[in-house]
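Undergrad: The residues making up each chain are set out below.
Number of protein chains: 2
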Amino acid sequence: MAPKAPKFEIKTPKGTRDWSGADMVLRERIFRTIADVFKRHGGITIDTPVFELKEILAGKYGEDSKLIYDLADQGGELCSLRYDLTVPFARYLAMNKDVTQIKRYHIAKVYRRDQPAVKKGRMREFYQCDFDIAGVYDPMIPDAEIIRIINEVFEGLGFQGKYTIKLNSRKILDGLFQVCGVPEPLIRPISSAVDKLDKLPWADVRKEMVDEKGLSPEAADKIGQYVLLKGQRDLLEKLKEDKDLAANASMQAGFADMDLLFTYLEAFGADHTVSFDLSLARGLDYYTGVIYEVVTEGSAPAAPASEENKAKAAKKKGGKPSSADDDRSDDPTLGIGSIAAGGRYDNLVGMFSGKTQVPCVGISFGIDRIFSIISAIQKEKERRNEVDVFVMAFGGGKDFTGLLKERSQVCSRLWDAGIKAELLYKVKPKLQNQFKAAEAGGVPFALILGEDELAQGKAKLKEMGLPEDHPLKEGELISLDNLIEEVKVRLARKEQLDKIATQAEGLRVVDGIKGEVAPKKEEEPKAAADIKAEPKTKEEKEVKLVSALAAQAAE
Amino acid sequence: MAPKAPKFEIKTPKGTRDWSGADMVLRERIFRTIADVFKRHGGITIDTPVFELKEILAGKYGEDSKLIYDLADQGGELCSLRYDLTVPFARYLAMNKDVTQIKRYHIAKVYRRDQPAVKKGRMREFYQCDFDIAGVYDPMIPDAEIIRIINEVFEGLGFQGKYTIKLNSRKILDGLFQVCGVPEPLIRPISSAVDKLDKLPWADVRKEMVDEKGLSPEAADKIGQYVLLKGQRDLLEKLKEDKDLAANASMQAGFADMDLLFTYLEAFGADHTVSFDLSLARGLDYYTGVIYEVVTEGSAPAAPASEENKAKAAKKKGGKPSSADDDRSDDPTLGIGSIAAGGRYDNLVGMFSGKTQVPCVGISFGIDRIFSIISAIQKEKERRNEVDVFVMAFGGGKDFTGLLKERSQVCSRLWDAGIKAELLYKVKPKLQNQFKAAEAGGVPFALILGEDELAQGKAKLKEMGLPEDHPLKEGELISLDNLIEEVKVRLARKEQLDKIATQAEGLRVVDGIKGEVAPKKEEEPKAAADIKAEPKTKEEKEVKLVSALAAQAAE
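First to last, the sequence lines map onto chains W and B. Take 1 as the starting number for the first sequence in full-length UniProt numbering and just add one per residue. Take 1 as the starting number for the second sequence in full-length UniProt numbering and just add one per residue.
Hints are computed from structural coordinates only; laboratory data are not their basis. Wrong hints could be hidden among the right ones.
Since copy identity is lost for identical chains, a pair holds within one copy or between any two.
[To be verified] Below, computed lysine to aspartate or glutamate pairings styled on EDC-like, alpha-carbon distance capped at 20 Å:
#1 K39 x E28
#2 K426 x D138
#3 K7 x E266
#4 K54 x D70
#5 K494 x D18
#6 K222 x D114
#7 K54 x D64
#8 K66 x D234
#9 K54 x D73
#10 K39 x D257
#11 K230 x E439
#12 K14 x E77
#13 K240 x D259
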C-alpha cells in the first residue's frame, strides 16, 4: 500500500499531549513515590471506568459542569468522561454497600473542557493522584493522617519543607459568615469571594462582595477583620477568646475539630508545615469539615494583582467575572496554583445511596503541576531505559560473522536470570555503533563477545563511562560459566556506589522516603521525638541488617 | 444537606466495571510482571491521550470502525476514544520525526462499542499491553525478540508452557492465495474466511468461500490442501519443496523471512512454543509480514462448531454473518479467544507521515482475558493491602487512655523509616477490634503498646497467624530504642521464609521471572545451552551475592 500524505494536521487534540522520553521517566518516578506513600499508610487502589453515566456527574460540580466532556449519543446510555476521581469513588461506595471502611488511592486521568495553559501545567486531559479515607471513625484521626501523608509525599518528592499546607474548616467559615451577618443564600457566593484572597487584595474582594454579591458593607468589613488572619494553634486559641465567635454553634464545632486536629498533627509529627488560614474556602460545594490546599513558592502570584490586570482578565474571558476555582482561572496574575487540595466530604456518598452515608476525607495531588515544578529544577539526567547490559560483538575483516547467534544466546541467559539486556539488531554490527546505542540508552555495562575469547569460554565485561585512567577502563575478562554471577555482583556494586555518590553530592533525589537519601536537616522537627528515637546512623544499621541476612541465608 | 435518593440506577456504564479488592491486586501483579519483561528487553513507555482526533482513527479499522466511541460535538475539534494503542503509536512516530528507532511499551485502556460478554472477559473498556519495536534493522531480528518476549511474559505469568504461539506470514498467505488462483480483490475476504478455521470446520469455511465470497470451487479446494497444515520448521521445509509455491515471488520472500525467523528463535531459545500455522490470517489490514496469535487451552472452543450453532449465532446477531475478528465475535462456540496477538506493520506510520516510513513489529496482550484465566485457577489468597505492622494499644479499665498519641508517634517513626504501618482510628480501641482490622488486611506483624511496657521503653512485637504451639506465639518484647531495626530484621526474615515456603510447596507464582520461584522442569528446552550454562543452584549463588554485598558494605 503506497502511503498517502494525510490532508489534516497530525497532532494530539487540544489540551492533550503525549508523554515520552525523560518527561515520562520523571513522571513515572513521581507516581511511584506518591503510590509508595499511599501504600505505606495502608492504601489500596481501585480503578473506575474513564466514563460514567451522565447522570452520575450531573449536579456535582456547580457551574463548572459546563467543562464536562460528553460522549456522543451513538445509541444506548448517555455517558461523560470523568471530571475528577472523587465523584466516581463516591459512586463506587454507594454501589458497594459492603465497603464501609476503605483507604483507597487512585492515580488516573480526568477530563475538563477548559482553556488549556500548557506552560502552567493546565491541560484538558490530566492526572490526579487521590487518596481518600472512607468510614465512620473517631473524629479527626484520619484527617490528621491525610495531612501526615501530604507531608510525606512532598518530602519524598524532594520539596524539603518548601510548601505550605493551608488549613481551614467549613464549619469555622460557616460560623464566621453567620456571626458577621451574611444571609444564608449569600454564604456560598461570599465564600467564593473569600477564596480569591490568595490572588487579589482585600479591597478588591470586598468590592466584589458589596458591589457584585450585594453584601452589606458592615458585614463585609466584619469579615475582613477575620479572613486575613493566619497562624497555627495560636490563631485557634485567639479565635476561641472572641466572644462573638465562641457563641456560634457551627464555630464551636469547628473549634473542637481544629483542637483535636492540632493535637493529632503534633503526635504524627505533621504540624510544622500547616498554616491555619481563614481565607481558604475551596470552590467545591461538597466539603463539610476540614479543608486544605497545598501551595509552594512557585505557585504564588508573581506580582500583586492590580485592578487593571483584573480588568484585562475579565475582558479576555468575554466580560464574565473569573471563576471561583483558581485551579481553572486564567487570571494572568495567577502562578501555577495549588499543587494539592482536599478536605472532608461526609455527605457526597449519600447523594447516590439515599440514606446510607459514608463519611470521607481525602487529598488530590495535582500531578501535572508538581511535574512542572520538579522538571524545571531537576538537574539530574534521567535514564531513558533500564537496561543493565548491552551485549556486543567485536571483530572485523572478511571472516567476521557478527556473532548474532552467540549474542542472542548470551542475551537469553541474561533474560532468563532477570537481567535487563539488549543487542543491536544487526547481523554484522560495528563495535562503534553498538557503543553508540549503549550510550544513548545510558546502559551501564557492555559485554563484548569476540571469537578468540569465546573459544576460551570468556568475554569482556566493561563498565561504561569510566575515566581514561581507571584501571578497569578496558574491562575485565570474565568466564561465561559464571556469567550471571559476575554480572549480578557488578550490578549490585555499582548500585551501591551510585547511592553513596549521590549521598556525598547531596543531590536532590525524587525518590524514596523522607531523609533516606538526602541528608537530614538538624533543625527539622523530629517526628515523635519523645518516644525513644532510633540511633542516628542509618548506614550502620543497614550494614548490620545485610550482614544478619547474609548470615541467616548461609545457615 | 439532606441526602436525596437518586432516581436512576447507580451503576457503571454498560461493558465497563470497577476494579477493586483481590481482583485489582492480581491485575496489578499481572501488569508488573509484563512491564518487567518489557523493561528487561530495553522497553520504554510512552503515554498518549485517551482520545484522538477523529480523523486519526478514520480508515484504520475497516468495518470495525463502527465500534469507535466518538466524543460529543461540544464545539472545537471532533475526537474519538482510542480503539487500540497501535494507531496512536503510529501517529506518535509520524509526529516525532526524530524518533526513528524505539522499543516502546504502553499499558492502557482502549474502547470499543461492542456487545459486552463479561464472563469471557470482553468489555467495552479494557486494557491492552503493547510492546512494539520500531525502526529499520536487519530483517527478522526484532520479530524474533518479540516472540521471545511473548514466551517470557507467559512463563512469568505461570503458564508453564501451556500456550501456543501460532505463527504465519502475510507474504506466505498472499503468495498462497495467488498460487491457488484467488483473484486480487478477493484476497482479503478469503483471508478472513481462512482466519475462522480455529472455530469452524473446513467444510463450513469452504462453503463461505464459494457460496458467499464467490470463489471458484477449484481454488477453494486448492487452498484447503494448504491451510490446514501446521508444524514447525519442518513444515517450512516441506512447503519449500512444493514447486508451485516456490515459483511465487511473495512466497519466496515469505520463505526467506521464516527461515531467518526460525534460526533466530532457536538462538533466543524461543522456538519450542511456536506453531507455524497456515490458517492464521488475522483480521486487521495493516499487517505486512509475520503475524502471530497466542492461544491457550482455555481459549479453544469447547465443542466443534456445528451448522446449527452457527445459525444460532447468526440469528442472535440479526442475521448478519459473524465478524472476521474472533476477538469480538459473539459466536457461542467461541472460547475466550486469543490471549495475545500482533505482527509486523511496515506501512502504518506512512499513512500519517506521507513519505517517511517507520517499519514496526509488535505484540498486544489481552490483559482482561489473561486475568480471567489466571483468576479462575489462582488459588493463592491475595493480600488486600501491603501494610507490614499494625500498631495497637493494649489496656482496659477506667484509666485506659487508648494511647493514641503513642500509637501515632510509633507509626510516624515507622513511616519515617519507610515501613508500612497502620493504626485504628479510635481513641480507645478494643484489642480485639485492632486484631480484627489487622487480620482483615492480612498484616503480618502487630506492635502492641501497653502502659507498663512503655514505661520501660518497650513494646510487644507479635507475628500474626502463628500456630498455637509456636514458641513466639505470644510475641517478643522489643526495645523501642531499636524499633526500626527490630522490625526490619523480622520483615526481612519473614519475606525470606515465605519465599522458601512457596518454593517448597511448588505453588504457582504469578510474579518474577521464568523459573525463579517455580522449580524448573528438566525437560524444558534450555535457552542457549551450548554457550556454557551457569551453575544450577540459584540459592547458593544468592547467598554468595548477599555475603559479598554485606562484606563490601561493612568495609
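Undergrad: All hints are to be evaluated individually against the structure, with a verdict given for each.
TA: Taking the hints in turn, this is what the structure says about them:
1. For a Cα distance limit of 20 Å, the shortest separation of K39 from E28 qualifies both inside one copy, at 16 Å, and across copies, at 13 Å.
2. For the identical chains of this complex, K426 and D138 are inter-copy neighbours only, at 5 Å across copies versus 65 Å inside a copy, given an alpha-carbon limit of 20 Å.
3. With identical chains, the CA atoms of K7 and E266 are never at most 20 Å apart, being 63 Å at best within one copy and 45 Å at best between copies.
4. In the homo-oligomer, the alpha carbons of K54 and D70 lie at most 20 Å apart both inside one protomer (8 Å) and across protomers (15 Å), since each shortest distance falls under that limit.
5. For the homomeric pair K494 and D18, neither the shortest alpha-carbon distance inside one copy (33 Å) nor that between copies (42 Å) is at most 20 Å.
6. Taking identical chains as interchangeable, the C-alpha atoms of K222 and D114 are never at most 20 Å apart, the minima being 36 Å within one chain and 60 Å between chains.
7. Taking the shortest alpha-carbon separations for K54 and D64, only the intra-copy value of 14 Å comes in at or below 20 Å, while the best inter-copy value is 26 Å.
8. Taking the shortest Cα distances, K66 and D234 never come within 20 Å of each other, neither inside one copy (42 Å) nor across copies (64 Å).
9. When the C-alpha separation of K54 and D73 is checked against a cutoff of 20 Å, the pair qualifies both within a copy, at 11 Å, and between copies, at 15 Å.
10. In the homo-oligomer, the alpha carbons of K39 and D257 never lie at most 20 Å apart, since the shortest distance is 27 Å inside one protomer and 48 Å across protomers.
11. Proximity of K230 and E439 under a CA criterion of 20 Å is satisfied in neither setting, with 53 Å inside one chain copy and 43 Å between copies.
12. Proximity of K14 to E77 under the C-alpha cut-off of 20 Å is restricted to the inter-copy arrangement: shortest distance 8 Å between copies versus 26 Å within a copy.
13. When the C-alpha separation of K240 and D259 is checked against a cutoff of 20 Å, the pair qualifies only within one copy, where the shortest distance is 10 Å, while the shortest distance between copies is 85 Å.
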